[in-house]
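As they're listed, the protein sequences go chains A and B. Last residue of the first sequence? That's 184 in the numbering used here, and every number before it is there in order. Last residue of the second sequence? That's 184 in the numbering used here, and every number before it is there in order.
It cannot be assumed that every hint is accurate.
Note that the list lumps identical chains together, so a pair holds whenever it fits in one copy or between two copies.
Claimed, not checked - Keeping only pairs whose Cα atoms sit at most 30 Å apart, straight-line, the calculated DSBU-like set for lysine-lysine is:
no., residue 1, residue 2
1, K184, K29
2, K127, K46
3, K127, K48
4, K127, K29
5, K127, K184
6, K184, K157
For the record, the hints were derived by calculation from the structure and aren't laboratory data.
2 protein chains.
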Amino acid sequence: MSYFDNFIKANQAYVDLHGTAHLPLKPKTHVAIVTCMDSRLHVAPALGLALGDAHILRNAGGRVTDDVIRSLVISEQQLGTSEIVVLHHTDCGAQTFTNAEFTEQLKRNLAVDVRGQDFLPFTDIEESVREDVALLKNSPLIPEDIIISGAIYDVDTGRVREVK
Amino acid sequence: MSYFDNFIKANQAYVDLHGTAHLPLKPKTHVAIVTCMDSRLHVAPALGLALGDAHILRNAGGRVTDDVIRSLVISEQQLGTSEIVVLHHTDCGAQTFTNAEFTEQLKRNLAVDVRGQDFLPFTDIEESVREDVALLKNSPLIPEDIIISGAIYDVDTGRVREVK
């Protein structure tokens, strides 16, 4: 039982609405948003983004990793973005485990030894935002004039509030 | 000039529409989608996803990296997903450079030496999808019974087609 066929069916209706239009490769607002993969966060409507407006980067937790830095460097150097928003959220899956527990679980369930790997869990959501904003501010690959903000999305209300 | 304040303003209208509702942490369709950060791809409407339906992972190119594997392991082991879709797209920013050129550019613009780092550019979009599907199928961290599909999104028409 695959769900993929349902996506293809739903996409047919979307294609009718979309029509044919070529938008520029470079995002209109010059913003890149770094956020979580969580299913209850639909970034575009939550922030009022139209098609073509902003880069959206998502991983478990919305954490700033080497891969996020790789993507942001491409975003900035090739595609003209000059502002970054780090957006974490309430009730995050990254708050449901510790590295030690998760390492044990992977050994038990997958017979794989991942000792030493950081799966980037966190407990305090404001702290995780501040940590990731600091990682960006300290990265030699992110120019100093890039504007960086941190924020939290509430999955129950849809509200975004800034983290200073 | 920051764009962040505009997002906060737009979000106020979204909050009114959203109301208060607690959806489960685990995605309803049990699907995780791996795709690109491109601004012209709004994943939820393009695939008919409602809030709470699916995990959405995004980076430059929609490439399967260590960070994507980290996120997918959390998605599967902690949050119950059992299907993955790799979705690349036409006119991708990852097709606009080579590693050699980009390394030179970063040295020139940022005075940073990133020699040896792979920024994961690609030329053939079907090949990049197949490569990334193969990476998932060969990963010891992704169980063999996980359903994996590959697809391409056309940014001009909004159409998604499967890559076999």
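When no copy is named, should K184 and K29 be tagged within, between, both, or neither for a Cα gap of at most 30 Å? between (43 Å within a copy, 17 Å between copies)
Within a copy, between copies, both or neither: which one fits K127 and K46 at a CA-CA cutoff of 30 Å? Answer is between; shortest inter-copy Cα gap is 22 Å, intra-copy 43 Å.
Up to 30 Å between alpha-carbons, please classify K184 paired with K157: within, between, both or neither. So K184 and K157 pass the 30 Å test inside one copy only (14 Å; across, 42 Å).
Treating 30 Å as the Cα threshold, decide for K127 and K184: within, between, both or neither. For K127 and K184, neither the intra-copy (39 Å) nor the inter-copy (32 Å) Cα distance is at most 30 Å.
How would you classify K127 and K29 at a CA-CA limit of 30 Å: within, between, both, or neither? neither (38 Å within a copy, 46 Å between copies)
Intra/inter-copy verdict for K127 and K48 if alpha-carbon distance must be at most 30 Å: Classified as between: cross-chain Cα gap 27 Å, same-chain 45 Å, threshold 30 Å.
Hints 4, 5, counting from the list given before, are not met by this structure.
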